[in-house]
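Start from the sequences, fold in the hints, and give me the full structure.
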Amino acid sequence: MRKPLMLLAAGALIAYAATAAQAAEQSPLKTRDWPQGGPFGTFERDSLQRGFQVYKEVCAACHSLEYLAYRHLEGIGLSEEEIEAVAAEATVIDGPNEDGEMFERPGKPSDRMPKPFPNDAAAKAANNGALPPDLSVIVKARKGHEDYINSLLTGYGEPPAGVEMREGTNYNAHYPGQQIAMPPPLSEGGVTYADGTEATVEQMSYDVTNFLAWAAEPTLEARKRMGVKVVLFLLLFTGLAYAVKRKVWADLH
Amino acid sequence: MALFQGSNPVVKWIEYRLPIFSFIDAHLIDYPAPKNLNYWYNFGSIAGVLLVVQIVTGVVLAMHYTPHADFAFASVEHIMRDVNYGWLMRYMHANGASLFFVAVYIHIFRGLYYGSYKSPREVLWWFGIIILLLMMATSFMGYVLPWGQMSFWGATVITNLFSAIPWVGESIVTWLWGGFAVDNPTLNRFYSLHYLLPFVIVGVVFLHLWALHHRKSNNPLGIDIKGPQDTVPFHPYYTIKDTLGLGAFALLFSVILFFAPNALGEVDNYIKADPLVTPAHIVPEWYFLPYYAILRSIPHKLIGVIAMFGSIFVLFILPWLDTSRVRSATFRPVYKMVYWIFVIDCLVLGYIGAQVPEGIFLIVGRIATAIYFLFFIPVLPLIGWFERPRPLPTSIAEAVLAKGGGGGAPEAAAAQSEGRG
Amino acid sequence: MAGPESGTTRRDFLYIALGMAGVAGGLAAAWPFVDQMNPSKDVLALSSIEIDISGIEVGQSIKAKWRGKPIFVRHRTPEEIEQARAVPLDELKDPQTDQERVKEGRDEWLIMVGVCTHFGCIPLGEQGEYGGWFCPCHGSHYDTSGRIRKGPAPLNLEVPTYEFLDDNTVKIG
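In order, the protein sequence lines correspond to chains X, C and S. If you're matching positions, the first sequence starts at 0 in numbering that gives the first Met the number 0 and goes up one per residue. If you're matching positions, the second sequence starts at 0 in numbering that gives the first Met the number 0 and goes up one per residue. If you're matching positions, the third sequence starts at 0 in numbering that gives the first Met the number 0 and goes up one per residue.
Since the hints were made in silico from the structure, they are not lab data. Everything numeric in this text was worked out from a predicted model, so none of it was measured. Note that the Cβ used here is the ideal one computed from N, Cα and C, for glycine as well. A couple of the hints might just be wrong.
List time: in silico DSS-like cross-link candidates among lysine-lysine, alpha-carbon distance up to 25 Å [said to hold, decoys possible]:
| # | chain 1 | residue 1 | chain 2 | residue 2 |
| --- | --- | --- | --- | --- |
| 1 | S | K68 | S | K40 |
| 2 | X | K55 | S | K40 |
| 3 | C | K271 | X | K55 |
| 4 | X | K223 | S | K149 |
| 5 | S | K40 | S | K149 |
| 6 | S | K102 | S | K92 |
| 7 | S | K149 | X | K107 |
| 8 | C | K225 | C | K402 |
| 9 | S | K149 | S | K68 |
| 10 | X | K107 | S | K92 |
| 11 | S | K102 | S | K62 |
| 12 | C | K271 | S | K92 |
| 13 | C | K271 | X | K139 |
| 14 | X | K139 | X | K114 |
| 15 | C | K271 | X | K142 |
| 16 | S | K92 | S | K149 |
| 17 | X | K55 | X | K107 |
| 18 | X | K114 | C | K402 |
| 19 | C | K271 | X | K123 |
| 20 | X | K107 | S | K62 |
| 21 | X | K123 | X | K55 |
| 22 | S | K40 | X | K114 |
| 23 | S | K149 | S | K62 |
| 24 | X | K123 | X | K139 |
| 25 | X | K139 | S | K40 |
| 26 | C | K402 | X | K246 |
| 27 | S | K64 | X | K107 |
| 28 | X | K142 | X | K223 |
| 29 | X | K142 | X | K29 |
Reference listing, derived: stretches of chain C covered by chain S, where coverage requires no fewer than 3 residues with Cβ under 8 Å from a Cβ of chain S [stated by the list, open to error]:
| # | stretch |
| --- | --- |
| 30 | 182 to 189 |
| 31 | 216 to 222 |
Written out as C-alpha cells, the structure reads:
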C-alpha cells in the first residue's frame, strides 16, 4: 500500500509546485513572520490600530476600502465610542431627502467607508490613468500575501543602470515589471502614531500590512480557534471509530 | 437484525404501504459486501457525503448570494464578513468542491486498478462517468459565480471553445452567453444551472447505486462472489469502516478548511472581474488542469477541443478496450506497471496544465497527452491479449483465510475454517 | 457515563462513546447552519435609528422607516392628550393608560409602529371616529393614544423601545 500513498504525496507536491511555478520575474520577496501566520497565529491588535491610522492618513486618499463598514473596526479593538468618533470624521453621501436631493452628512458606525473617488473613471483621471485598487481583500489577491504588500511598500528605490522608466512610473523591485504608477506612499515620520511608536517606513509598512491582512480576513482568529476544536474532536472521533472498527472486524481476522 | 421483521405495529403499517424498512434493511444493513474490500473502497461513500455537504452549504449560500454582475462579488464579501458563520459556509463550499474531486478521482482510479468497469459493471461505470461530467459542469459554473477575474476569464476561455464547432460554433457561443461576451445574462443562467445540476447528480447517483447493488461490488481480487462465505453484511462491517474513513477524510478536509482555506484557489479571484483586463495567467481550478493541458498541447483549436472531451469520452468504451478476462491488477503484472505509468502521466498533465504552454512545458505536455491516449489505444487492448496473468485464487473466502484473515493471528485462521463456509 | 453491564461491557462502551461523539459532533456542526439564517451583522447594525424631531410642529406627524416598518411620530396637541386620558380603562379592548404609552415629561410625543395589529396594513392618520388612526383594510379605529377602540384589531398599536437623546433627537430600537 505504500506505493499509491507515495504517488498521492508526489501528486500533492507536484500540485503545490504547479501553483508556485507561475511567478513573474521580480526580485524575491522579503519574507518575515507575520503575527497572524501559522495554525495558531492571531492578529497583533496594537499593530492593527496603528495600521488603520496609516491607512486613514496615507492610503485612503486614493484607495477605497469599500467592503468595510466602520462597525467592523470592533475587530481591531476599537470601542463603540472610538468607532462613532472615527465614523463621524468621515463625510458620507445620503439621500434623497424630501426635496429629492442627495446630501452629505457625518458618518455613522453602520456606514460603509466612503470611496475617495465617485467611480473608477474619476479615480483614473486623478491618478495619471492608473486605477488605485480597492484594498479590502488586496492581501488575499496577491501572491505572497503580506510579504508582497510589505515588500512593495518598502521596495522603492532608484532604477538600476540602463533601465528606462516610462513616464509617470516609479521603480519598485517587487512590482511585476518593476514600473509602478503609485509613488512611494510612505516616508519616515509620515504619520504620528497615537501610541507613540516611532513611525519608520518599515514600521508603517508592517502595521498597514497587518491592518490590510485583517481587513481581508477579519474572521481569521475565529476560524483558527474553531479549527483547533474541530481537529481535536475529529482526532478523538476517528480514534474511537478505529477502535470500534477493530472490534467489529475482530471475529473476521 | 432486520428491522422490518419487528413486531412494532407502526413499522408494519408503514411497511405494508411503502416497504421502506425492508428496503433499508436489504440495501444498507443486510446487504452482502465482499469481505476483502480495502480502504480504497471508502471513497465512493466519501464522495456521496461530500455531495450532501455541497448541496447543504450551497443552498445556504444561495440565501445570501446575489447573482448579478454588479453585486455578486460584493455579496460574497457580505457572506464572508456579515453573515453569521458565512465565512465557514463559503470556505466549506469552495474547498468541499476540491475535496469532492479528490474523492471522485481516487474512486475512479481504484476502479481502473481493480477492473471494476468490466462486465457486468459497464453500466455502473457509465453512470459514474456521467456523474463526473455533471460534476465538471457544475463546478465550472459554480466557479463563475463569485465574479472574480478568474471566474470571468475562465468562463470566457472555456465558453469560447465551443466556437471551434464548424458552422454553428459562433451561434452556440452567443446562445450560451446570452450576449456578445460573458456578462450578467451568463452569470444568471450559470447560477440557475449550478443550482439545478447537483440534483441531477443525485438522480444519477441513485442509478449508479442501483446498478451497483444489482451485481454487487467488485473486490481487490477481482473474482466473483461465490456465496455467503465471501461476504459480510454491510452493517456493521462497512458502516463502521466507512465511518472511520469518513473521520479521516473529514480530518483532512478540516485542516485545509480551517488552516489553509485559500491554498487550492487562485489569488486572482479576489480581484473583481474586469472585462478590459486579462490576468497574466488564466488557470482553471486544479481538478481541470489535466484536461486543460491536453487542450493546449494540440495546436489546432477544434482538434484540441475534441481531444479534451475525448480524454473523458474514451472512458465509456474502456470495458471493450480492455480485453483481459482478469479484472484486478493484482494478478496482471504488465497492466499494473502500465497503470502506474498512466497515473504518473495524469499527474504530469496536471502540472503542465498550470504552466505557460511554451518550451519544455509544451513538449512534455504533448508527450504526456500522447501517452494518455496511447494507454487506451492500443496499449490496453494489446496487454489484454498478450499478458500472462498470475493464477487467481479459487475464492474470496479462501484468499482471505490464506492471508490469515488479513493480518490477524494464524491460529485464528485455523479456528475460522471450522466456523465458516 | 454508565455503560450497560453485560458480558461485553467494553465493546458496548466504545459503541456508545462513538455514538455520543457522533451525535455531539453532529449537533455542534448543525448550529452554524441554523445560525446563518439569523439576521446578519449589517442588518443588526441598522436595528436602531435616530430621528430628528425638531421640525415636527404641534399637531403634526411624520413617518419614518425602522426595521423595514413604518414608525409614526406624532407631536400631539394638549386636547389629544386630554382626550386620551379621559377614557375609562374598561372601555378598552386592550387596556392601557395613555401614560403607559408615552414618556413622562414628554407626553406630547406619541411614537408607535404604524402597523395595524389585525393583519398588518398601515393605518391612516387623523382619521377614524376616535380622532386617531383608521385602518382601511378591515375598519379598525385607533384613538389619540393609538389604542384600538373599534374594529377587528386585537391590540393597541405597538410602542417600540425608544429614548430621547436630547430635545431634538429620539433613538428608536
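- Violations among the numbered hints, reported as their numbers in ascending order: Hints 4, 5, 7, 10, 12, 18, 30, 31 are the ones this structure does not satisfy, whereas the remaining hints hold.
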